[in-house]
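**Q** Below, each chain spelled out in residue letters.
There are 2 protein chains.
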Amino acid sequence: MADILHRIGVVAEPERVYEALTTLDGLSGWWTEKTSGSVAPGGVIEFRFRPGGFDMKVVELEPGRLVRWEVVDGPEEWIGTFVRWELRREGEWTIVLFRHEGWREPVEFMYHCSTKWATYLMSLKELVETGAGSPDPRDVQISDWH
Amino acid sequence: MADILHRIGVVAEPERVYEALTTLDGLSGWWTEKTSGSVAPGGVIEFRFRPGGFDMKVVELEPGRLVRWEVVDGPEEWIGTFVRWELRREGEWTIVLFRHEGWREPVEFMYHCSTKWATYLMSLKELVETGAGSPDPRDVQISDWH
Chain A
1 MADILHRIGV
11 VAEPERVYEA
21 LTTLDGLSGW
31 WTEKTSGSVA
41 PGGVIEFRFR
51 PGGFDMKVVE
61 LEPGRLVRWE
71 VVDGPEEWIG
81 TFVRWELRRE
91 GEWTIVLFRH
101 EGWREPVEFM
111 YHCSTKWATY
121 LMSLKELVET
131 GAGSPDPRDV
141 QISDWH
Chain B
1001 MADILHRIGV
1011 VAEPERVYEA
1021 LTTLDGLSGW
1031 WTEKTSGSVA
1041 PGGVIEFRFR
1051 PGGFDMKVVE
1061 LEPGRLVRWE
1071 VVDGPEEWIG
1081 TFVRWELRRE
1091 GEWTIVLFRH
1101 EGWREPVEFM
1111 YHCSTKWATY
1121 LMSLKELVET
1131 GAGSPDPRDV
1141 QISDWH
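If you read the sequences in order, they're chains A and B. Read left to right, the first sequence gives residues 1 to 146 (our numbering). Read left to right, the second sequence gives residues 1001 to 1146 (our numbering).
Among these hints, one or two may not hold up.
Stated by the list, open to error - One side only, chain B facing chain A, incomplete, derived with CB under 10 Å:
#: 1; residue: Ile1004
#: 2; residue: Arg1007
#: 3; residue: Ile1008
#: 4; residue: Val1010
#: 5; residue: Val1071
#: 6; residue: Glu1090
#: 7; residue: Trp1093
#: 8; residue: His1112
#: 9; residue: Lys1116
#: 10; residue: Trp1117
#: 11; residue: Ala1118
#: 12; residue: Thr1119
#: 13; residue: Met1122
#: 14; residue: Pro1137
#: 15; residue: Asp1144
Note that these hints are calculated values from the structure, not bench results. Computed from a predicted structure; not experimentally measured. For glycine and all other residues, C-beta sits at the position ideal for the given N, C-alpha and C.
Please build the complete structure, drawing on both the sequences and the hints.
**A** Below, the structure written as structure tokens:
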């Protein structure tokens, strides 16, 4: 098993970051404009990108502290993995600890997703701090795989 | 053991990316301006940043294909880990597979370094493609840990 880990700090209240992770408006402002579905506990959120997409089941929510999704549809390598967002306040910062966990093998696609997650986390930070992120299809291109 | 993985594509020949990873001029153009030491096989390169730095022993070099460093001094969590750069051509792209391997524990500092490596890889891409990267002290701030 292998995990993708990231850490960013956002100059804002944890509640504002939490909102960007748990509402369709928030999610479509930093990850992909094509976000739909149910953000309630047990609901499934559908994220669509130009090449395909992911369906995430909302498995844990603690307001201002934790968001956890299970990947229930998407690329074969992603199915059954979990995405975990842990938030905490540190002075004027909200620290975001991100983990995309449970990859069966460190395949090349995992290398790509790790870098791509980092750029989307920076997009989340920009959205909350400035009001404008860089979601798909306006995301940062990192390679031939986009 | 835990690894940080990343993948980027650079629109340039592998030799140009290799040069940015194996010369003081190249390295100081995307990672940190304060880069000194010996880039030859078996040499030690000293990378210095505002908060501290890393000493990397050059343990493997295959022109246009592979660069591998061993961390011989720096933060305790980094000592004994390895940084591996694998390059290959894909049409007009050079694909860079990056691995910072052998972390003993997935400590919070590893989360930070993973995201920070991603932004430095984007700086490497910019340097090779445009002639100007964003090395320390002009690097992208991602959090309170910089």
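**Q** Each hint: holds or not?
**A** Each hint tested on the structure:
1. Ile1004: Check passed: Cβ of B/Ile1004 comes within 7 Å of chain A, closer than 10 Å.
2. Arg1007: Interface hint status for B/Arg1007: holds (4 Å vs cutoff 10 Å).
3. Ile1008: holds (5 Å)
4. Val1010: B/Val1010 check passes; min Cβ-Cβ to chain A is 8 Å, inside 10 Å.
5. Val1071: violated (18 Å)
6. Glu1090: At 6 Å from the nearest chain A Cβ, B/Glu1090 passes the 10 Å test, so the hint holds.
7. Trp1093: Result: holds, 5 Å to nearest chain A Cβ.
8. His1112: Nearest chain A Cβ about 4 Å off; hint holds.
9. Lys1116: With a closest approach of 9 Å, the B/Lys1116 hint holds.
10. Trp1117: Nearest chain A Cβ about 8 Å off; hint holds.
11. Ala1118: holds (3 Å)
12. Thr1119: holds (7 Å)
13. Met1122: holds (7 Å)
14. Pro1137: violated (18 Å)
15. Asp1144: holds (5 Å)
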